[in-house]
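S.K.: Chains as they are written, first to last, in this note's numbering: chain W, 1 to 115; chain Y, 1001 to 1110.
It cannot be assumed that every hint is accurate.
Said to hold, decoys possible - Label-pair restraints from in silico Cβ distances:
#1 Y/Arg1109 to W/Glu18: 26 to 36 Å
#2 Y/Thr1072 to W/Met40: 23 to 33 Å
#3 Y/Asn1025 to W/Thr113: 38 to 48 Å
Honestly, the hints are just simulated from the structure, not real lab data. The beta carbon of each residue, even a glycine, is placed where N, CA and C say it ideally should be.
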Amino acid sequence: DAGVIQSPRHEVTEMGQEVTLRCKPISGHDYLFWYRQTMMRGLELLIYFNNNVPIDDSGMPEDRFSAKMPNASFSTLKIQPSEPRDSAVYFCASSLRYALNTEAFFGQGTRLTVV
Amino acid sequence: LAKTTQPISMDSYEGQEVNITCSHNNIATNDYITWYQQFPSQGPRFIIQGYKTKVTNEVASLFIPADRKSSTLSLPRVSLSDTAVYYCLVGDQRDYKLSFGAGTTVTVRA
């Protein structure tokens, strides 16, 4: 398996524009996570899915953020409208089952810059 | 999720052993101790996990004393490529918020 695949790797957009980040988890993994990483706040869990169903979105910072998982092989994180403070690296991760004693695999991340 | 405390940074030289200690005084009976490694511009990568005593794999060793209130990640004979941030996580299968703290930035110098 190629691992968790995220696209795009880099995104530069203007404030107010819609941004869509994409993630393809590892085949067969039941759980998918979206994280955001900044220097100030470190790695923050935004939302996670189990079998394509959102389980906990309490980490989503505002209503401007939304995430979907229409099928087991694809998820999106959308920011609309984007703001400069959304600039960060966004990671997607997947695991076979959710448990701390199960390895989570991370993608390479999407570096988002909102100007 | 048990709170963890680890040093912010550590410096080392190539060929040395690096030991990072993580404190987790309120660790629960069902909790596992997991370490992730993150290289610059990459996502975190699982490196080792343990419950008690010692665990060793091709990357690192994890030492856990009997009281489990702390753990030590040991990186033998580090190289420049081991420069990374190392995260200690403690929790069990009910802790769905796989939460990362600030981690320990390990810098290996020539």
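S.K.: Taking each numbered hint in turn, which are not upheld by the structure, reported in ascending numerical order?
M.R.: Those not satisfied come down to hint 1.
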